[in-house]
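Asks: Line order of the protein sequences matches chains D and B. Per this note's numbering: the first sequence ends with 98, consecutive numbering throughout. Per this note's numbering: the second sequence ends with 476, consecutive numbering throughout.
Take the hints with a grain of salt, since some may be wrong.
What the hints assert, rightly or not - Heads up, simulated BS3-like pairs for lysine-lysine below, C-alpha to C-alpha not over 25 Å straight-line:
#1 D:K29 to D:K43
#2 B:K405 to D:K43
#3 B:K449 to B:K257
#4 D:K29 to D:K12
#5 D:K43 to B:K377
#6 B:K257 to B:K377
#7 B:K405 to D:K29
#8 D:K43 to B:K257
#9 B:K8 to B:K103
#10 B:K449 to B:K377
Don't read these hints as lab results, they were simulated from the structure.
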Amino acid sequence: MARMEITPELVKHLSRLSRLALTPQEEAKLEGELRSIVGFFEKLSELNTEGLPEMARPVETTNRLRADQVRPSLTQEQALSVAIEVHEGQFKVPRVIE
Amino acid sequence: MLAHEIVKNIQSGQVSPQEVVSASLQRIAQLEPRLHALIRLNPQAEQEAALVEQRLARGEHLPLAGVPVVLKDNICTQDLATTCGSRMLADFVPPYSATVVEKLRQAGAVVVAKANMDEFAMGSSTEYSAFGPTRNPWDTERVPGGTSGGSAAAVAAGMVPLALGTDTGGSVRQPAALCGVYGFKPTYGRISRYGVVATASSLDQVGTMARTVQDLALLSDVVSGYDPMDSTSLEIQAQFAAALQASSRGLTIGLVKEALAVGNSPGVLEALERFRSVMEAQGVRFVEVSLPSLEYALAAYYIVNTAEISSNLARYDGTLYGLRVPGEDSTTTMMQSREHGFGPEVQRRILMGTFVLSSGYYEAYYGKALRARARIKADFDRAFSQADLLLTPTSPFPAFRLGEKTTDPLSMYLADIDTVAVNLAGLPAMSIPAGFEGHLPVGVQLIGKALHDEQIFVAANAFEQATERAFARAAI
Numbered sequence: 001m002a003r004m005e006i007t008p009e010l011v012k013h014l015s016r017l018s019r020l021a022l023t024p025q026e027e028a029k030l031e032g033e034l035r036s037i038v039g040f041f042e043k044l045s046e047l048n049t050e051g052l053p054e055m056a057r058p059v060e061t062t063n064r065l066r067a068d069q070v071r072p073s074l075t076q077e078q079a080l081s082v083a084i085e086v087h088e089g090q091f092k093v094p095r096v097i098e
Numbered sequence: 001m002l003a004h005e006i007v008k009n010i011q012s013g014q015v016s017p018q019e020v021v022s023a024s025l026q027r028i029a030q031l032e033p034r035l036h037a038l039i040r041l042n043p044q045a046e047q048e049a050a051l052v053e054q055r056l057a058r059g060e061h062l063p064l065a066g067v068p069v070v071l072k073d074n075i076c077t078q079d080l081a082t083t084c085g086s087r088m089l090a091d092f093v094p095p096y097s098a099t100v101v102e103k104l105r106q107a108g109a110v111v112v113a114k115a116n117m118d119e120f121a122m123g124s125s126t127e128y129s130a131f132g133p134t135r136n137p138w139d140t141e142r143v144p145g146g147t148s149g150g151s152a153a154a155v156a157a158g159m160v161p162l163a164l165g166t167d168t169g170g171s172v173r174q175p176a177a178l179c180g181v182y183g184f185k186p187t188y189g190r191i192s193r194y195g196v197v198a199t200a201s202s203l204d205q206v207g208t209m210a211r212t213v214q215d216l217a218l219l220s221d222v223v224s225g226y227d228p229m230d231s232t233s234l235e236i237q238a239q240f241a242a243a244l245q246a247s248s249r250g251l252t253i254g255l256v257k258e259a260l261a262v263g264n265s266p267g268v269l270e271a272l273e274r275f276r277s278v279m280e281a282q283g284v285r286f287v288e289v290s291l292p293s294l295e296y297a298l299a300a301y302y303i304v305n306t307a308e309i310s311s312n313l314a315r316y317d318g319t320l321y322g323l324r325v326p327g328e329d330s331t332t333t334m335m336q337s338r339e340h341g342f343g344p345e346v347q348r349r350i351l352m353g354t355f356v357l358s359s360g361y362y363e364a365y366y367g368k369a370l371r372a373r374a375r376i377k378a379d380f381d382r383a384f385s386q387a388d389l390l391l392t393p394t395s396p397f398p399a400f401r402l403g404e405k406t407t408d409p410l411s412m413y414l415a416d417i418d419t420v421a422v423n424l425a426g427l428p429a430m431s432i433p434a435g436f437e438g439h440l441p442v443g444v445q446l447i448g449k450a451l452h453d454e455q456i457f458v459a460a461n462a463f464e465q466a467t468e469r470a471f472a473r474a475a476i
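Bound conformation, chain B alone (with noise of 0.2 Å):
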């Protein structure tokens, strides 16, 4: 059942939360050992979905009453263990919730599960998490994508109709297209960072995943807005269901002349044909957009994201929590305690970020990416005078087989080709799913203005009306 759907029938008397959950709970019971989406169970969940019985007995409006919700497993929960996918907090147990996960609860929603990422949210399939691979539910020989894989999955399988992920370089939207679903992330500080464990903090956000956009944006407002405890959050109203009633007539969307030039596969290729076809017959108009600066996004998106990561995981040195692995002295503690705790993909880029910011390279990398940066918001900034949204893939092929990437790191971050310049440039971005190839689901992704995000659910809703669902629909 989609959310809407079940908060309706809630709210009606017809099913009551504690049966919504358990369906949820035994459907994740029957697909859990094929898909391995999820790293915990929250134990409470059929307990919190007869509190929101009692709280709709009371007349509170919660809008989304008895919802099943999984997390990805870096957003802190109070008393549910979060991993983030790593040995390192195998055994973490937050004393707080974050922001997102206190708003989630405030609106009757149940986290059921804790979902699987790949360690420290840093990967393009899932397979990088200390927990074992999940499996992509269209096709269990594939990858669901990453870092949010575990959400991607759960969403596409029908565990649950919501769940959130985390987007620090595509980590929403290429999982979301690899398992057709919609996957948003919203421009940097929509939503609240607190209580979620940081990977590159000027790239990280939290993002929403569901299989319509209805839902979508069901999800994106109970989510968003400012936060005492995130400074970075920004005093701006959701309004991602209202945006719904609006028209595309008279938009236009920019055709990334340099996204749509290199390899895309032919499934990609088509989506992004028919969604153009589709939008056009709704009275969207069409323009292309270059963006010369593209091709040199993901060279500057590695050296920031490492950067920013060999100093945020500096916290984990066996000190304070997380694991320790005593050695003869506390620097031996802290060497072995990280040398344990971290898996390769996380040391790799521990190192690269320590290079790039090392005394005598700082200038000719870091500060180059930080310039290249800077140059890529200026393209995006000209092509958003000549259109409201811009099109591109959102990945260039469709789920890829397990242990295709895993042995050359670069192929891995090859993944993230499309999705990266738009966390360079700090916009809002969705995957929309629009098509096939075989048997595996193909996502577009839709770019928008800064503090536009609400235009791209706009022109995801017609595109979605006009194709009936045609692309997102259950996979398993």
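Same shape as in the complex, but just chain D (with noise of 0.2 Å):
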């Protein structure tokens, strides 16, 4: 298994990636509970587990296609009753273009 350093930069790195604004005492504490959790992991390169598939779900489901047709459903306004902001109808969110 490929082992990993995790260092302060990795943190730093994964926090941008999981968008979580971390404080530098935060940071610095995930880093030892990380490695110590990933050490933990490394255990799993015991196991052969070589010819096996990759089990993604516990069960095999198939797709379950349904007739296209129109049913009841949450109205407008129940649907926007939980949006931070709503405008003209429609949930308002922050701007994301410049």
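Now that you have both chains on their own, put them together as the hints suggest.
Replies: Here's what the structure looks like:
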């Protein structure tokens, strides 16, 4: 198993990928915790898994299609009831393109 | 009162649904300050009880008529806040109810409250709730287990006879064991997940909790079944109550060598021994079986669990719903919202999951864990060629003290050692109250073959009958 060194740079990188604004104290604490957890994960390298499939789900599932029919659903008002901001009957979100 | 007694007494007119619900609310008012099992009461509970009465008067058949229930707070309830134990969803009021909630209401049950839980179902003690920990009714200095600790404590303390939790890696069974109640996680797909907030989708299942096998069967029958809204739900008719008529004679139970070998506390070993001797007297045969890959289950589980968490929880970004902490641009807004909305364990798992899925390391961690999962499943298949059911502890120890494991995340993960393999393989399993260590209850776990969930109830019922419910009595 490829070993990954847990470094302060890696924690910063992961926090950016994860969109978590960590404080320096949190980063330092997480570095130690991740090191111990990843060290525990290394145990798996002892297990021979050659030739085994990647089992992503516990049961075999197949696509289930349904008839394309109009059915009762949430009203626009209900769907928007959870919105942080609403504008003219739609979700209003922070600007993503300058 | 037990659920089936409530139903009988309501149907015969001895007591009204309002009286039952108000007794439940009184019990909650009395105990909640000491236990903090609940996040929110349903302010409509008494009106809903009155509606049940009207439906009964119209002659409707209601298998859970007037039975008060609590739901773990990651099960969506229309017009009643569903927080997942998180600041992120502290004010989230779902516009619809989960299918299991619809089924409960259809059956005449009354949701009296939403139960406390570890934030987004991550933890093993209910200490990671953003709203404060729940305490164990048997000893309020100790945890109730988790993540469905509020549900388990509420049932154990007699606030309600029935509760729903969710079980991603033992979150129904382990708190059931630590609180001295029954906890059942069905085969993946037997209960709809529609409207249940996702933690790790390939592992999550709704589970049932009760103080007797009969009550557990009653609840499990109501909530199981195919749901067009959940394409992973299975088209299988639930037969839990019917299973209680069957005899356990002739069943073979496999003692899982590897689960008995690791450090179990004395009360746990005693309970396993008791279970075996009681069941042998019931005509059950015991054989030793081996699950050689079991010791790798915890590592594989935490890789799969965190990987799925990191992608499932990406939706909480302060954009559409939930907490938003505005920043100078959209990325800062996302990062601040997630930093403030999520507690330390959730952040830790998101980072871990991002790591195991990251470019260059996916194969070494996530891919490896998925192949280990296939090996664990194959080991179970082999064990089930020798036995109908498998016996292990539910937890290696009884309830631990508050604060005992929160400083070291890995020590908390180790509390799940007996339960996670079942979720990786998608199997049904139940925690059965089977003894005490000092004043603390101890559970044993029976694991069934996929889709043979009912067989677990046959054996659990035989044990309960033979021991006259000696290990599942009210605590507080």
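Asks: Against this structure, judge whether each hint is valid.
Replies: Evaluation of the provided hints:
1. D:K29 to D:K43: holds (23 Å)
2. B:K405 to D:K43: holds (22 Å)
3. B:K449 to B:K257: holds (18 Å)
4. D:K29 to D:K12: Roughly 12 Å separates the two Cα atoms, so the pair holds.
5. D:K43 to B:K377: holds (18 Å)
6. B:K257 to B:K377: Given that 25 Å is the threshold and the Cα spacing comes to 16 Å, the pair holds.
7. B:K405 to D:K29: It holds: about 16 Å lies between the C-alpha atoms, which stays within 25 Å.
8. D:K43 to B:K257: holds (20 Å)
9. B:K8 to B:K103: holds (20 Å)
10. B:K449 to B:K377: holds (11 Å)
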